[in-house]
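Model the placement of chain B on the given structure of chain A, informed by the hints.
Listed below, chain by chain, are the residues.
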Amino acid sequence: MTDALREKLARLARTDEEWTVTGRVLAAPEGATRESLLQALLDEIDDTVLTARLVFGYGGEGPRSGRLTVIAGGRRLRGILAATDELGADPDLLGRALDAETDADAGTVGALFDRFVAGALQAVAPITVIATPRPEGAGADLSEGGIGVRQLAAAWDLEADDPGIPDITRLLTRCGADLTASLMRNADGTETAEPDAPAEIAATLGDLVARADSGKDAAAPTLTIWLPHMGSTAPALGLARGAQGGRLAMAFAPGNLAKIQTAWVRITRKS
Amino acid sequence: MVAELLDGLTARHGACRVVAYADLSSRMVLVTNSAASTPREALNALCKEAAAALQDNPLTPPETCDVAITTAPDRVQVFLRLPTEDSEALCCICDPHLDLSAFVEEARDCLVRIAAPETDDDGDDA
Numbered sequence: 001m002t003d004a005l006r007e008k009l010a011r012l013a014r015t016d017e018e019w020t021v022t023g024r025v026l027a028a029p030e031g032a033t034r035e036s037l038l039q040a041l042l043d044e045i046d047d048t049v050l051t052a053r054l055v056f057g058y059g060g061e062g063p064r065s066g067r068l069t070v071i072a073g074g075r076r077l078r079g080i081l082a083a084t085d086e087l088g089a090d091p092d093l094l095g096r097a098l099d100a101e102t103d104a105d106a107g108t109v110g111a112l113f114d115r116f117v118a119g120a121l122q123a124v125a126p127i128t129v130i131a132t133p134r135p136e137g138a139g140a141d142l143s144e145g146g147i148g149v150r151q152l153a154a155a156w157d158l159e160a161d162d163p164g165i166p167d168i169t170r171l172l173t174r175c176g177a178d179l180t181a182s183l184m185r186n187a188d189g190t191e192t193a194e195p196d197a198p199a200e201i202a203a204t205l206g207d208l209v210a211r212a213d214s215g216k217d218a219a220a221p222t223l224t225i226w227l228p229h230m231g232s233t234a235p236a237l238g239l240a241r242g243a244q245g246g247r248l249a250m251a252f253a254p255g256n257l258a259k260i261q262t263a264w265v266r267i268t269r270k271s
Numbered sequence: 272m273v274a275e276l277l278d279g280l281t282a283r284h285g286a287c288r289v290v291a292y293a294d295l296s297s298r299m300v301l302v303t304n305s306a307a308s309t310p311r312e313a314l315n316a317l318c319k320e321a322a323a324a325l326q327d328n329p330l331t332p333p334e335t336c337d338v339a340i341t342t343a344p345d346r347v348q349v350f351l352r353l354p355t356e357d358s359e360a361l362c363c364i365c366d367p368h369l370d371l372s373a374f375v376e377e378a379r380d381c382l383v384r385i386a387a388p389e390t391d392d393d394g395d396d397a
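Residue numbers (this note's numbering), protein chains in the order written: chain A, 1 to 271; chain B, 272 to 397.
Hints in this document: simulated from the structure, not taken from any laboratory. Any given hint might turn out to be false.
Said to hold, decoys possible - Under 7 Å between C-beta atoms, here's a sample of chain B residues computed to sit facing chain A:
#1 Asn328
#2 Pro329
#3 Pro367
#4 Ser372
Where a beta carbon is used, it is the ideal one built from N, C-alpha and C, also for glycine.
One chain only, chain A, in its complex shape (with noise of 0.2 Å):
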């Protein structure tokens, strides 16, 4: 079995999806912002192995209501079909491979997923997508070329997806919102705490950075979680050594654990 394959099939077998009459929910409106909405986009494009016609939604049929259609595929964004009027989409970006040579498409592309999620934060409205594989008729001839998820990031100005910025720093700015403390050393040795932790849970997190300075750990880049049993009201731990030298401790929530193993297998995996 191919990992093109063995991937597609985990992704249908996702269990923590939502579902709406208008497609499967990428992200809610309840605390969105530019940034968390564009990355949720991104990462769909970024997890389309395989060739797809990916349709984004938000606000139905109702007044406040967008569409895009896009064909993407091994982890670039081949081609845009379709946008609603109120995108304001250039007619001659419709229907052809876009070009990662340049950076004309990708600053053209970012100002049109930009005001697609514009509209969504106003409408406040959960933004769905629809996948249909291996698309007939318009884009099908789209299976080549098309811009890389790194540089949408980097037209969008996507902290959390730039390669230049550490491991660690990156998986913070994902997921700082679903962590109840976090203390951060970086390789210089500077240090970043939740200033508002609990005493406890802060001296949890000193000694698991310190703990991981000492050399007990695996090679970086890693991410090892720690869950207390069911029952427990103690917080899930996790200590996340960067590849480039810095050292992430974290208390959340269990029930946060897909998050943040997700970012993290995001962060460091090979594109």
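Below, chain B without anything else, positioned relative to chain A:
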């Protein structure tokens, strides 16, 4: 019976390649899922990692911890033990795109069922 439970876990989670039932006190793997082709030396190393991750954990008190997960770019290792019996454990090697929350929940249940005393048809301990 144990092998069937391990096979059932891997059948439901295609991203899980190896599940080993181990005794942490002796650092020995007792049973693996049928499809696992991992060399014995690698299984023993996995068992040692499980013991280190579960027994040397930072939770307070340490007995509170029943699951430890280590994620590298190419694999996720999930180690589980019973809250009441810290020597019996499951050691799992999975692909990174594993549905982790669902897997942990089912693996916990799997370990409980393995450790439960077998009963005969009348419901008595066998």
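Going through the hints against the structure:
1. Asn328: holds, 5 Å
2. Pro329: holds, 5 Å
3. Pro367: It holds, given that the least Cβ distance between Pro367(B) and chain A is near 5 Å, below 7 Å.
4. Ser372: holds, 4 Å
Every hint from the earlier list agrees with this structure, and none is contradicted.
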